[in-house]
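Asks: As given, the protein sequences belong to chains A and B, one line each in that order. Residues 687 to 792 in this note's numbering are what the first sequence spells out, letter by letter. Residues 61 to 180 in this note's numbering are what the second sequence spells out, letter by letter.
No lab work stands behind these hints, which were simulated from the structure alone. Watch out, some of these pointers could steer you wrong.
Straight-line C-alpha distance at most 35 Å; calculated DSBU-like pairs for lysine-lysine [said to hold, decoys possible]:
#1 A/Lys792 / B/Lys125
#2 B/Lys125 / A/Lys788
#3 A/Lys728 / B/Lys125
Next come the chains, spelled out residue by residue.
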Amino acid sequence: DIQMTQSPASLSASLGETVTIECRASEDIYNGLAWYQQKPGKSPQLLIYNANSLHTGVPSRFSGSGSGTQYSLKINSLQSEDVASYFCQQYYDYNTFGAGTKLELK
Amino acid sequence: EVQLVESGGGLVQPGRSLKLSCAASGFTFSNYYMAWVRQAPKKGLEWVATISTSGSRTYYPDSVKGRFTISRDNAKSSLYLQMNSLKSEDTATYYCARGGAAPQIWFAYWGQGTLVTVSS
């Protein structure tokens with residue numbers, strides 16, 4: 687089974703700052719990676735698929751990159767509405783999610 | 061507008077069974093793989109099951125294989141999860157999610173979730 691190691695577990699940042707969240711797969715997942723945002727009490731919302739493709743309606747300040755086993759989600763110019771938990775998902779081999787990153791405002 | 065509405069959650073004793081349902085609308089249900097994903101309280105996401113468009117192929121992680129059964133009724137645009145021999149560690153919010161035309165894909169749409177609590 688493919689394991690996903692997500693870091694950091696929590697993150698505190700200021701409005702307007704750029705933040706980066708990373709996921710490392712235990713083996714090559716050939717860009718089969720998605721990122722989700724989940725606000726408290728809500729269901730996850732797709733942000734990025736195929737490692738770097740922006741889902742419809744997602745603000746352009748969100749971007750994904752990476753290849754092989756290393757992937758990252760970048761949020762430019764952090765907004766208050768970005769406070770949430772973020773999860774990565776590999777779907778190259780069945781499905782595995784990262785443990786999540788809780789993003790808070792400093 | 062794509063909508064996924066789960067139902068059937070509740071409190072159940074360990075060892076008992078429960079069946080969840082998901083009513084889909086706003087898209088051609090029979091064209092998409094569907095899945096269940098769960099989230100234990102204050103925890104991360106865990107994939108539970110995936111079913112092919114026709115229902116002929118199903119996929120499970122080891123944690124639920126042999127206890128959970130995913131099924132679908134394309135005529136009713138509905139997805140189901142039969143959960144047997146429930147354990148306390150199955151306590152979670154269960155989400156219905158829409159996949160794509162293949163089993164290995166991202167989940168573009170999610171329901172609001174239904175809470176299952178396994179406790180005596």
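Asks: Now, for every hint given, state plainly whether the structure supports it.
Replies: Here is how each hint holds up against the structure:
1. A/Lys792 / B/Lys125: Judged against 35 Å, a Cα distance of about 43 Å means the pair is violated.
2. B/Lys125 / A/Lys788: Given that 35 Å is the threshold and the Cα spacing comes to 30 Å, the pair holds.
3. A/Lys728 / B/Lys125: 27 Å, holds
Hint 1 from the earlier list is the only one contradicted by this structure; the remaining hints agree with it.
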